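Heads up: the protein sequence lines correspond to chains A and B, in order.
If you read the first sequence in the numbering used here, its first letter stands for residue 1, the second for the next number, and so on.
If you read the second sequence in the numbering used here, its first letter stands for residue 1, the second for the next number, and so on.
Hints listed in this document are in silico derivations from the structure and should not be mistaken for laboratory results.
None of the values given here were measured: they were computed from a predicted structure.
Treat the hints with care, since some could be wrong.
Some, not all, of what chain B presents toward chain A, calculated at C-beta under 8 Å [stated by the list, open to error]:
#1 Arg230
#2 Ala503
#3 Met513
#4 Ala519
#5 Met527
All C-beta atoms, glycine included, are put in the ideal place defined by N, C-alpha and C.
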Amino acid sequence: MDMECDLLVIGGGMAGLVAGTLAAEAGLSTILLRKGQSATAYSSGAIDIIGYLPDASEPFSTPEEGLAAIAGLYPLHPYSIIGYVDGIKPEDVVDEIVGRTRDTITWLKEKLKDTIAPLSGDFKSNIFPITILGTTKPTCLVQKTMYSEDLQTREDSVLLFTGFSGNADFNPSVAAKTYLEDRIAIGEPPRKVGHCTLRVSPFGKPYNVSSVEIARHLDHERSIEDLATQLKPQVEQLGATHVAVPPVLGIKTAMDNKKKLEDQIGAEVFEMLGFPPSVPGLRLQLALEEMYRTNGGKMLVGHEATSYIKTEGRITKVSAKAPRREMNIEAKAFILSTGKYIGGGLSGDENGIRETVFGLMTVTDAYHSAGEIIPSRYTNRIAISPEGHPINSCGLTLDPHFRPINEDGVEWASNLYSAGAVLAGYDYSIEKSGLGVAAVSGFSAAKHAIDFIKEVA
Amino acid sequence: MCMSDSEFDVVVIGGGSTGTAVARDCAMRGFRTLLLERDDIASATVGTCAGMISSGLKYRSEPDIMKMCSTEVVHLNRIARHIIMKNPILTPFRDLSDVGSDMEYVESYSEHAEERDVPEMMFLTPEATIAIEPLLHPDVVFSVYYEEFFIDPFRLCLLQALDAKRHGAEIKTYCEVIGFETVNDVIQGVVFYNRITGTTEKIGAKIVVNAAGPWAPKIAGFSGAELELRLNKGAHIILDRRVVNVGISVKALDGRYIYLFPHENTTLLGTTALDTWEDPDSLVASFDEIEYLMRSIETYIPSIRDARIIRTMAGVRPLVADWKVPEGKVTRGYQVIDHENGLISFTGGKLVMCRHMAEAVTDIVSKKLGNDSACTTHEKPLPGNEADVDVEALSAEYGVSMHALERMRARRGTEMTKILELTKDHPEWKTTICTCEPIIEAEIRYAIREEFPQTLNDLRRRLRLGTGPCQGTFCTYKAASILSEELDLQGDDFLVDILDFRAERWKGIRPSMRGEQLAQEELAQGMYSCVGNLDQSDVDYDLKPWEEGV
Ligand SMILES: Cc1cc2nc3c(=O)[nH]c(=O)nc-3n(C[C@H](O)[C@H](O)[C@H](O)COP(=O)(O)OP(=O)(O)OC[C@H]3O[C@@H](n4cnc5c(N)ncnc54)[C@H](O)[C@@H]3O)c2cc1C
Ligand SMILES: Cc1cc2nc3c(=O)[nH]c(=O)nc-3n(C[C@H](O)[C@H](O)[C@H](O)COP(=O)(O)OP(=O)(O)OC[C@H]3O[C@@H](n4cnc5c(N)ncnc54)[C@H](O)[C@@H]3O)c2cc1C
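Sequences are here, hints too, so could you generate the full structure?
This is the structure we're talking about:
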């Protein structure tokens, strides 16, 4: 089977779906291939822009501050690429980067407004939501169900950590203790916390109750009322002003559920940031896909880009494989947003790191070729530290148009763009920048691709 | 210093296979016994071994040792059958000339086969060989078939320690011996640093047994005695699933034998043998060791690289100090050295001999202290091996899957019913915490209450927690919560436990990072750093020996 379009996006996580939506919105015929799961769906669903500089210990209080620092220190960071505009004055570079990021965030917030994952927070400041471990982390936007207006500012706030019996993903007593110790150490509210455990048994069994099962259960009518009945006396007993629940409030009806719960128990309810399998991550993935389709994009799930044809410096066709069919897709431009090791954009063995679709040049954190590195040598001895592991900064490096470059430093193909975690030069885990880089680079790559397609046409 | 007037007949230093066996024997013979272990039970050498309680096949030049090994296998099968598995093994050959030189081992193996209840060694045709193990190279010209037993080394040590406790011994983990009290050069007491309380303590001892494995010379040195060992490094690679149907033992690139053993839910590839002078605490497998093992096995199992390496482990064999011979020629026997100052040390030995070693040293202790009760360690069952367990019936009664219960049985035998009883009051404790193994919450709670773990790593040794394909990515935080709750830990300690466990897992993952493991590690970083923000945690985290340096 053969298909034709203006833009083919390879990869359906945050980066690819943002890029595809922007193109579809601009009126281009757009096809997107997604072979399987995305890191986006594993994420906690909070959208980080930039939390820390690598190896630094003070979080940025605003994304703007962080972007300025990145632009100054890491000229090849995906955020910094935005600043390479023809004829730009040096003093305008940071503004350009900040402006593009703000535009992306504003645009994304608007686009997700009516989906199952509407966003709260804004570009002006970083926020510090609570995780299921009882720690906090800097991020910029969270889904509305995950947001608390005044928990950490209101002097008299009292927080009730609520878990579910048989759900091992979250332990309310341990999280409560960990969080309270932290608040006492920094001397800020809430100064009182408590914990309780509720019962839901989606399939009548009191054990192995997964987060996704609870969320599906709460999507059903009246199950939230039952929860409210259990929760209310606990809230009253503690005098709780806020209730923290693990991220399980529903897949489709989470917003409604939050409101219903709050109405019935008289306290603010929010979801914490959690680990995969992540309900908010799933909501985000589904919402982004809906956004893409609503804007006219066409999506082929379970299709893997496997080979390509390149003539005269230009890609003309990409072949995709699905379990029962194979097809060639012709396009004017292509965006590669296949993610990192989880997404499958990069793979590595003892002989080096490879880009999986086009065999593009990969580089290390120091921008040396990563084609022949031994992965273990690009790791640190310490498992978890603000230095991270250089192996997670490997990937593709770009020209100012967001096109991957080859060994000579020029674009590998005139019509291939790239975005997201497949890019080199940043370690999202330590920077806290994952979905932010994916969205902003997706947005930027699409802008360049759209310009290119319009010029060609 | 905290002085204590308690006086022990015997103080055993070291909680590996040897030390726990000694403590058990001493306690069973009625001695007031104390075991001091600087870390956890089975936290050192024994935890890095293959767990093969072998027929002694490799040591056929030492017929006495082969005989001893075989007898010990019979004993272990009597006292600890619930933690033992039998593995068929194939040694395939691609070249007839590899075989001819040395066929005596067939005879020496078969000589003791009957007592171990295994068939005599057999020769198989290429067709029969490939039928048993289709992954083998098609050029195999014939193979040798035999059977060996494997024991869970962690459980063996722990059960020996628990049994010692049941017979009145005291077991103190996280207590590091730092010196002796002597009068006229004769030991009167043992001085140790208690890492849990942060205090230095002293207890009186009539006799001290030095079962500190590779650290034995250091302990001997504290008493003014000299002791020499030949330390020899061995590394293993662990693959994510049971790659082969049976154990495969082949000639490596340098002519030594290496093996590929299906082990629990994984496969073990080993081992290397390198004389070492490094600190055993900071040892990790090297790139060369990994490639040596992979390339060697690849000559017989060409598709080996399709499997994912989930980690490596490296340990040090505390061999008898025979020099000027290759490692393989050093005696696998052990020596008991009486320093004549109240201290008795071991050199050499193996896991399979631990009970025998204990009997030998306890006989000496008995003579010295004038006690003539006989050794019964080869007769009395270890905890859990008192009777058979009907896993099917238990599964029906308690509503836990057969698979999970079979794994539980392999750790605990009859004691598993105590765990299942807990789920009557707490059905939610049937929740699976580690899905790779699998392990349910009730077993974790039981282990915390009954088996004195202090950390998640201690729980790992007791339960195989976090040892499967995901290397604890998904169970670390869940199990840490349970541990915190049971031990009533502070929030900071909860986070330290997570960091410590990730550090220990990373030690083994890092040297072999490749393939799908890159995605697995991205996930772990995504969880604990990106979301959990633990890379920024300000808790008091102590760097581990292998994390120091550049
Ligand atoms: C556990 C975890 C938690 C995280 N939490 C957060 C968080 O809270 N906040 C945050 O900002 N970031 C977070 N991140 C980081 C964030 O998820 C990623 O950085 C981001 O999702 C990357 O987006 P992406 O679109 O580049 O890649 P992905 O989301 O991985 O998408 C790649 C896509 O490409 C597809 N693909 C790959 N190869 C092909 C092919 N050949 N053909 C067709 N399709 C292909 C894949 O199937 C996938 O759909 C987290 C990451 C992890 C692992
Ligand atoms: C790679 C490898 C594979 C092997 N495979 C097998 C096999 O398949 N079959 C087999 O039979 N044997 C095997 N062996 C050999 C076997 O593992 C060892 O001989 C045996 O387990 C050693 O046990 P141990 O108790 O003497 O030493 P260890 O297990 O090292 O125990 C010594 C203990 O002493 C403690 N200690 C040290 N200093 C102090 C102190 N100051 N105070 C308190 N405590 C202290 C340590 O923490 C340690 O726990 C293998 C060895 C290796 C390295």
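**Study point:** Cut-off 8 Å, beta-carbon criterion: hint that Arg230(B) touches chain A
**Key:** violated (28 Å)
Exercise for review: Go through the hint on Ala519(B) and say holds or violated, using the shortest Cβ distance to chain A against 8 Å.
Suggested key: Holds, because the Cβ-Cβ distance from Ala519(B) to chain A comes to roughly 4 Å (cut-off 8 Å).
Review point. Taking 8 Å as the limit, does the beta-carbon of Met513(B) come near enough to a beta-carbon in chain A?
Key: Since the shortest Cβ distance to chain A is 4 Å, the answer is holds.
Check your understanding: Is the interface hint for Met527(B) satisfied, with its Cβ closer than 8 Å to some Cβ of chain A?
Key -> holds (5 Å)
Review point. How about Ala503(B): closest beta carbon in chain A under 8 Å, or not?
Key: With Cβ-Cβ at 5 Å, under 8 Å, it holds.
Hint compliance for this structure: hint 1 alone is broken.
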